[in-house]
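In order, the protein sequence lines correspond to chains A and B.
Going by this note's numbering, the first residue of the first sequence is number 1, and it counts up by one from there.
Going by this note's numbering, the first residue of the second sequence is number 1, and it counts up by one from there.
In short, the hints are calculated from the structure, not lab data.
Errors might be hidden in some of the hints.
When chains are identical, the list treats them as one kind, so a pair holds in a single copy or across two.
[Unchecked claim] Subject to a maximum C-alpha distance of 25 Å in a straight line, what follows is the list of computed DMTMM-like cross-link-like pairs (lysine to aspartate or glutamate):
#, residue 1, residue 2
1, Lys44, Asp93
2, Lys168, Asp112
3, Lys116, Glu185
4, Lys139, Asp115
5, Lys109, Asp206
6, Lys56, Asp7
7, Lys109, Asp161
8, Lys55, Asp93
9, Lys138, Asp201
10, Lys139, Asp190
11, Lys133, Asp112
12, Lys56, Asp201
13, Lys109, Asp171
14, Lys143, Asp201
15, Lys55, Asp128
16, Lys106, Asp161
17, Lys168, Glu108
18, Lys174, Glu6
19, Lys116, Glu147
20, Lys10, Asp201
21, Lys186, Asp93
22, Lys109, Asp179
23, Lys109, Asp93
24, Lys56, Glu19
25, Lys87, Asp112
26, Lys142, Asp128
27, Lys186, Glu147
28, Lys68, Glu185
Computed from a prediction, not measured in an experiment: that's the story for all the values here.
There are 2 protein chains.
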Amino acid sequence: MTLSEEDYIKAIYHLGKGENSIVSTNEVAEQMSTKPSSVTDMVKKLSDKGVANYKKYKGVCLTEYGLKVALTLVRKHRLWEVFLVEKLNFAWDEVHEVAEQLEHIKSEKLTDSLDKLLGFPQVDPHGDPIPSKNGEFKKAVKKLLNEIPVGTSGTCVGVRDSSAPFLKFLDKNKIALGDTILVLEKEEFDGSLYIQVKGEDIRISDQIAANLYLKITE
Amino acid sequence: MTLSEEDYIKAIYHLGKGENSIVSTNEVAEQMSTKPSSVTDMVKKLSDKGVANYKKYKGVCLTEYGLKVALTLVRKHRLWEVFLVEKLNFAWDEVHEVAEQLEHIKSEKLTDSLDKLLGFPQVDPHGDPIPSKNGEFKKAVKKLLNEIPVGTSGTCVGVRDSSAPFLKFLDKNKIALGDTILVLEKEEFDGSLYIQVKGEDIRISDQIAANLYLKITE
DNA sequence: ACAAATATTTAGATTTGTCTAAAATTTGAT
DNA sequence: ATCAAATTTTAGACAAATCTAAATATTTGT
Ligand SMILES: [Mn+2]
Ligand SMILES: [Mn+2]
Ligand SMILES: [Mn+2]
Ligand SMILES: [Mn+2]
Numbered sequence: 001m002t003l004s005e006e007d008y009i010k011a012i013y014h015l016g017k018g019e020n021s022i023v024s025t026n027e028v029a030e031q032m033s034t035k036p037s038s039v040t041d042m043v044k045k046l047s048d049k050g051v052a053n054y055k056k057y058k059g060v061c062l063t064e065y066g067l068k069v070a071l072t073l074v075r076k077h078r079l080w081e082v083f084l085v086e087k088l089n090f091a092w093d094e095v096h097e098v099a100e101q102l103e104h105i106k107s108e109k110l111t112d113s114l115d116k117l118l119g120f121p122q123v124d125p126h127g128d129p130i131p132s133k134n135g136e137f138k139k140a141v142k143k144l145l146n147e148i149p150v151g152t153s154g155t156c157v158g159v160r161d162s163s164a165p166f167l168k169f170l171d172k173n174k175i176a177l178g179d180t181i182l183v184l185e186k187e188e189f190d191g192s193l194y195i196q197v198k199g200e201d202i203r204i205s206d207q208i209a210a211n212l213y214l215k216i217t218e
Numbered sequence: 001m002t003l004s005e006e007d008y009i010k011a012i013y014h015l016g017k018g019e020n021s022i023v024s025t026n027e028v029a030e031q032m033s034t035k036p037s038s039v040t041d042m043v044k045k046l047s048d049k050g051v052a053n054y055k056k057y058k059g060v061c062l063t064e065y066g067l068k069v070a071l072t073l074v075r076k077h078r079l080w081e082v083f084l085v086e087k088l089n090f091a092w093d094e095v096h097e098v099a100e101q102l103e104h105i106k107s108e109k110l111t112d113s114l115d116k117l118l119g120f121p122q123v124d125p126h127g128d129p130i131p132s133k134n135g136e137f138k139k140a141v142k143k144l145l146n147e148i149p150v151g152t153s154g155t156c157v158g159v160r161d162s163s164a165p166f167l168k169f170l171d172k173n174k175i176a177l178g179d180t181i182l183v184l185e186k187e188e189f190d191g192s193l194y195i196q197v198k199g200e201d202i203r204i205s206d207q208i209a210a211n212l213y214l215k216i217t218e
């Protein structure tokens, strides 16, 4: 599998939301910042290789084998992210670009040794679950902060957007994975929230709340 | 710089024996297992990019900038080799292929953090020196075992051939970097040596002796 | 149901890196 | 100094991955 093929496989996987549903040419093109025509060419090739199922004009999804490849890539990506944060003291907004390269390194022994060195972590620095060697992982039970009723509290377990600007915003506002957040008040007009984090009461916009996952603590 | 360009730069560097001497098209082709015509195409491109100096029919060498690029690649390659051995318990004959991939990862912060994590090592698992961030490194004063006079002893500091078969042979015969070796006797007929390592007297062929570097102790 | 808008594919071109076969140059043995 | 052998370059082809522009198919709104 070439680096480029691998990136397409990952894109199809992620757009399929872990359900391996059918995704459109345009969605893939958007996700990968390429043109739809390039996607058509590539998914034909992936189909020929037995990695994807592609029907002209109908869309594409991964085969069972393709799904295994995707999970291996996701596993490697997230393990490297943990490595960068835990062992090399990278900030959580600095790891994605490098992991995007490291995920393509071909060595099963390397991946598994890394897993062991890191103590078999279950989640990456953004709260996303890490597939095990045989491709299993538990889908986290988590809800977006903006969908949580007023008065409820939960533990911050992940982010939907893991772009540097968003992660930096969280750092600046002292919101980190593992923190407990209580929803104090919701503004009807713009959907903004008044929340309590580490004793402090702060206001956050709907866009922020729509990108932060909580696990409800009953 | 693409992955392919980087591998050519490294090849030219290594064939230049650290002296940055002029190397021929055929030498590069041999080293990289490609065809001379492919090398011609590539060195033209490297020349256009200001990385190499190429004169038709005369050969190629690196520019000052090209040399810097080469040293960065060598630095990354050897740091990753140390990482694999020290942190992931790879054997010294298993690291080359993986380091060949890892050396192309682009992140200065990654390289320097890795260097720090490893405690700024001076040599890789094969005894080869690791260039510092600014491209400096001491050329080891070392001699091949088959060029050392009878009666002399030295410390094993490196290997010339770092292929798996040779490294495995050394493991099997309990010869490791750091060991003291005393040359007891040299056979005129085939150049084989009788040596003392860790109290044991063993016989090794000329081919073996021609690939093991010692630093003379005294 | 059908036209307009949108999505998707095809056709043809480009870049990168490689190859084979043929031509040109250099080397080195007499 | 000559010329055959070895080396190196050129010419032309190909596969991978991408793009633009044009053609085709699907979806949507009335
Ligand atoms: Mn990637
Ligand atoms: Mn992540
Ligand atoms: Mn390499
Ligand atoms: Mn090495």
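Going down the list of hints, with the structure as the test:
Taking the closest pair of Cα atoms, Lys44 and Asp93 never come within 25 Å of each other, the shortest separation being 35 Å inside a single copy and 40 Å across copies. Taking the shortest Cα distances, Lys168 and Asp112 sit within 25 Å of each other only across copies (23 Å), while inside one copy they are farther apart (31 Å). Proximity of Lys116 to Glu185 under the C-alpha cut-off of 25 Å is found in neither arrangement, the shortest distances being 44 Å within a copy and 47 Å between copies. In the homo-oligomer, the alpha carbons of Lys139 and Asp115 lie at most 25 Å apart inside one protomer (19 Å), although the nearest pairing across protomers, at 36 Å, exceeds that limit.
Taking the shortest alpha-carbon separations for Lys109 and Asp206, neither the intra-copy value of 44 Å nor the inter-copy value of 34 Å comes in at or below 25 Å. Taking the closest pair of Cα atoms, Lys56 and Asp7 come within 25 Å of each other only inside a single copy of the chain (21 Å); across copies the shortest separation is 39 Å, beyond that limit. For the homomeric pair Lys109 and Asp161, the shortest alpha-carbon distance between copies (23 Å) is at most 25 Å, but the shortest distance inside one copy (31 Å) is not. Taking the shortest Cα distances, Lys55 and Asp93 never come within 25 Å of each other, neither inside one copy (37 Å) nor across copies (46 Å).
With identical chains, the CA atoms of Lys138 and Asp201 are never at most 25 Å apart, being 33 Å at best within one copy and 58 Å at best between copies. For the identical chains of this complex, Lys139 and Asp190 are neighbours neither inside a copy (31 Å) nor across copies (66 Å), given an alpha-carbon limit of 25 Å. In the homo-oligomer, the alpha carbons of Lys133 and Asp112 lie at most 25 Å apart inside one protomer (7 Å), although the nearest pairing across protomers, at 29 Å, exceeds that limit. Taking CA atoms no more than 25 Å apart as the test, Lys56 paired with Asp201 passes in neither setting, with 53 Å inside one copy and 72 Å between copies.
For a Cα distance limit of 25 Å, the shortest separation of Lys109 from Asp171 across copies, 20 Å, qualifies, whereas the shortest one inside one copy, 35 Å, does not. When the C-alpha separation of Lys143 and Asp201 is checked against a cutoff of 25 Å, the pair qualifies only within one copy, where the shortest distance is 21 Å, while the shortest distance between copies is 69 Å. When the C-alpha separation of Lys55 and Asp128 is checked against a cutoff of 25 Å, the pair qualifies neither within a copy, at 31 Å, nor between copies, at 53 Å. When the C-alpha separation of Lys106 and Asp161 is checked against a cutoff of 25 Å, the pair qualifies only between copies, where the shortest distance is 24 Å, while the shortest distance within a copy is 28 Å.
With identical chains, the CA atoms of Lys168 and Glu108 are at most 25 Å apart between copies only, with a shortest distance of 21 Å across copies and 33 Å within one. Taking identical chains as interchangeable, the C-alpha atoms of Lys174 and Glu6 are never at most 25 Å apart, the minima being 36 Å within one chain and 42 Å between chains. Proximity of Lys116 to Glu147 under the C-alpha cut-off of 25 Å is found in neither arrangement, the shortest distances being 37 Å within a copy and 44 Å between copies. Neither within a single protomer nor between protomers do Lys10 and Asp201 lie at most 25 Å apart by alpha-carbon distance, with minima of 39 Å and 56 Å respectively.
Taking the shortest Cα distances, Lys186 and Asp93 never come within 25 Å of each other, neither inside one copy (28 Å) nor across copies (61 Å). For the homomeric pair Lys109 and Asp179, neither the shortest alpha-carbon distance inside one copy (35 Å) nor that between copies (28 Å) is at most 25 Å. Taking the shortest alpha-carbon separations for Lys109 and Asp93, only the inter-copy value of 14 Å comes in at or below 25 Å, while the best intra-copy value is 27 Å. For a Cα distance limit of 25 Å, the shortest separation of Lys56 from Glu19 inside one copy, 21 Å, qualifies, whereas the shortest one across copies, 57 Å, does not.
In the homo-oligomer, the alpha carbons of Lys87 and Asp112 lie at most 25 Å apart both inside one protomer (16 Å) and across protomers (13 Å), since each shortest distance falls under that limit. Taking the shortest alpha-carbon separations for Lys142 and Asp128, only the intra-copy value of 11 Å comes in at or below 25 Å, while the best inter-copy value is 50 Å. Within a single copy, Lys186 and Glu147 get their C-alpha atoms as close as 11 Å, which meets the 25 Å cut-off; across copies the closest is 82 Å, which misses it. Taking identical chains as interchangeable, the C-alpha atoms of Lys68 and Glu185 are never at most 25 Å apart, the minima being 43 Å within one chain and 58 Å between chains.
In the structure shown, a violation is registered for the earlier hints numbered 1, 3, 5, 8, 9, 10, 12, 15, 18, 19, 20, 21, 22 and 28, in ascending order.
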